[in-house]
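Anchor point for the sequence shown: position 121 equals 977 in the numbering used here, and the numbering is continuous, going up by one each time.
For the record, the hints were derived by calculation from the structure and aren't laboratory data.
You may find that some hints are simply not true.
With a Cα cut of at most 25 angstroms, we get these calculated SDA-like pairs of lysine to any residue [unchecked claim]:
1) K932 with N860
2) K932 with T952
3) K932 with L999
4) K932 with P886
5) K932 with N897
6) K932 with R875
7) K932 with G874
8) K932 with Y962
9) K932 with T946
10) K932 with G917
11) K932 with A864
12) K932 with H861
13) K932 with D1036
14) K932 with L1029
15) K932 with R994
Cβ-Cβ distance ranges computed for the label pairs, FRET-style [unchecked claim]:
16) S928 with Y872: 39 to 45 angstroms
17) N860 with D990: 33 to 39 angstroms
18) D882 with R970: 39 to 45 angstroms
19) T889 with P1104: 42 to 48 angstroms
20) V1078 with D1030: 26 to 32 angstroms
21) G923 with D1043: 43 to 49 angstroms
22) R1048 with D976: 33 to 39 angstroms
23) V984 with A1084: 42 to 48 angstroms
24) P1104 with P886: 22 to 28 angstroms
25) G1002 with D949: 47 to 53 angstroms
26) T889 with E867: 32 to 38 angstroms
27) G1109 with A913: 18 to 24 angstroms
28) A973 with E884: 23 to 29 angstroms
Backbone N, C-alpha and C define an ideal beta-carbon position, used for all residues, glycine too.
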Amino acid sequence: MTDNHHLAARELTLSYDGRVVVDGLDLEVPPGTVTAIVGPNACGKSTLLRGLSRLLAPASGAVLLDGTDIHSLPTKQVATMLGLLPQTPTAPDGITVADLVGRGRYPHQGWFRRWTAEDDEAVASAMVSTGVADLAARAIDELSGGQRQRVWIAMALAQQTDILLLDEPTTFLDISHQIDVLDLLLDLNAERGTTVVMVLHDLNLAARYADHLIAMRAGAIVAAGTPAEVVTAELVREVFGVDSVIAPDPVTGTPLVVPLGRHHTLGE
857 MTDNHHLAAR
867 ELTLSYDGRV
877 VVDGLDLEVP
887 PGTVTAIVGP
897 NACGKSTLLR
907 GLSRLLAPAS
917 GAVLLDGTDI
927 HSLPTKQVAT
937 MLGLLPQTPT
947 APDGITVADL
957 VGRGRYPHQG
967 WFRRWTAEDD
977 EAVASAMVST
987 GVADLAARAI
997 DELSGGQRQR
1007 VWIAMALAQQ
1017 TDILLLDEPT
1027 TFLDISHQID
1037 VLDLLLDLNA
1047 ERGTTVVMVL
1057 HDLNLAARYA
1067 DHLIAMRAGA
1077 IVAAGTPAEV
1087 VTAELVREVF
1097 GVDSVIAPDP
1107 VTGTPLVVPL
1117 GRHHTLGE
């Protein structure tokens, strides 16, 4: 099990080119749980994740890791505690799957610590977990979008951080691999106590897989809590502008959003 490091934001404002995207946001990530951030396109979800991971410096406010401003901590120290899978990661031309996944171990290296059997085991385990072990010798740029996405997830897993941030980890994946990846993240949380924070487009998958949901709109948090607390017809209308019926998921009992289109009303 992990040490359950604590990640939070205080009055966090994030901007691009002088345009405020996230405005004065307060956030607590419950340690040792799976948190999903949901909301419409361009509401600030990915920007928030970039801010939490230290990729984007705040215009004001702070991101706190164990109560300390994350920007005051050494990069390598942060990288051993917090891993990030961005939305559109890029890899060097010609790099193989095994080499890319191995880069997840870089934060664990140092002047006096070289590659060990523990690193080999972490890389192999991550590749097996994500179903890419048979691609180990292949170049990343030869792979399909779905294969590539699973390799990037393997690299994030190989880092073996206590906190794992993932921006739309199911992008490019068919439904079977989406479920595989989300099941894998749930296993990671259950077995290691890893704190998982992920941006998801699919509200029903978020409700099914997350312990804690954060709903965003226009750079602000509209609601936060358990899926049962957050996912209501009123919330879906306010955040997504969609009328819906909320029913129990027949598999998990979590809230299931059934959208109503312009051509459908209740009872039709």
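Do R1048 and D976 keep their Cβ atoms within the hinted range of 33 to 39 angstroms? Cβ of R1048 to Cβ of D976: about 19 angstroms, so the range 33 to 39 angstroms is violated.
Should the hint that P1104 and P886 are 22 to 28 angstroms apart at their CB atoms be regarded as holding? With a Cβ separation near 23 angstroms, P1104 and P886 satisfy 22 to 28 angstroms, so the hint holds.
Keeping to a limit of 25 angstroms between CA atoms, is the pair of K932 and R875 held or broken? violated, 30 angstroms
With respect to the beta-carbon atoms only, verify the hint that G1109 and A913 lie 18 to 24 angstroms apart. Since G1109 and A913 have Cβ atoms about 42 angstroms apart, the given range 18 to 24 angstroms is violated.
CA of K932 to CA of L1029, is that 25 angstroms or under? violated, 31 angstroms
Between T889 and P1104, does the C-beta distance stay in 42 to 48 angstroms? At roughly 22 angstroms between Cβ atoms, P1104 and T889 fall outside 42 to 48 angstroms, so the hint is violated.
Keeping to a limit of 25 angstroms between CA atoms, is the pair of K932 and N860 held or broken? holds, 18 angstroms
Using the C-beta atoms of V1078 and D1030, is the stated range 26 to 32 angstroms upheld? Holds, since V1078 and D1030 (Cβ atoms, about 31 angstroms apart) stay within the stated range.
Satisfaction of the hinted span 42 to 48 angstroms by the C-beta atoms belonging to V984 and A1084: violated, 34 angstroms
Is K932 within 25 angstroms of T946, Cα to Cα? holds, 20 angstroms
When you check the alpha-carbon spacing of K932 and A864, does it fall within 25 angstroms? Holds, because 19 angstroms separates the two Cα atoms, which is no more than 25 angstroms.
Check the hint pairing K932 with D1036 against an upper bound of 25 angstroms on the C-alpha distance. violated, 30 angstroms
Consistency with the previously given hints fails for numbers 3, 5, 6, 7, 13, 14, 15, 16, 19, 21, 22, 23, 25, 26, 27, 28, ordered from lowest to highest.
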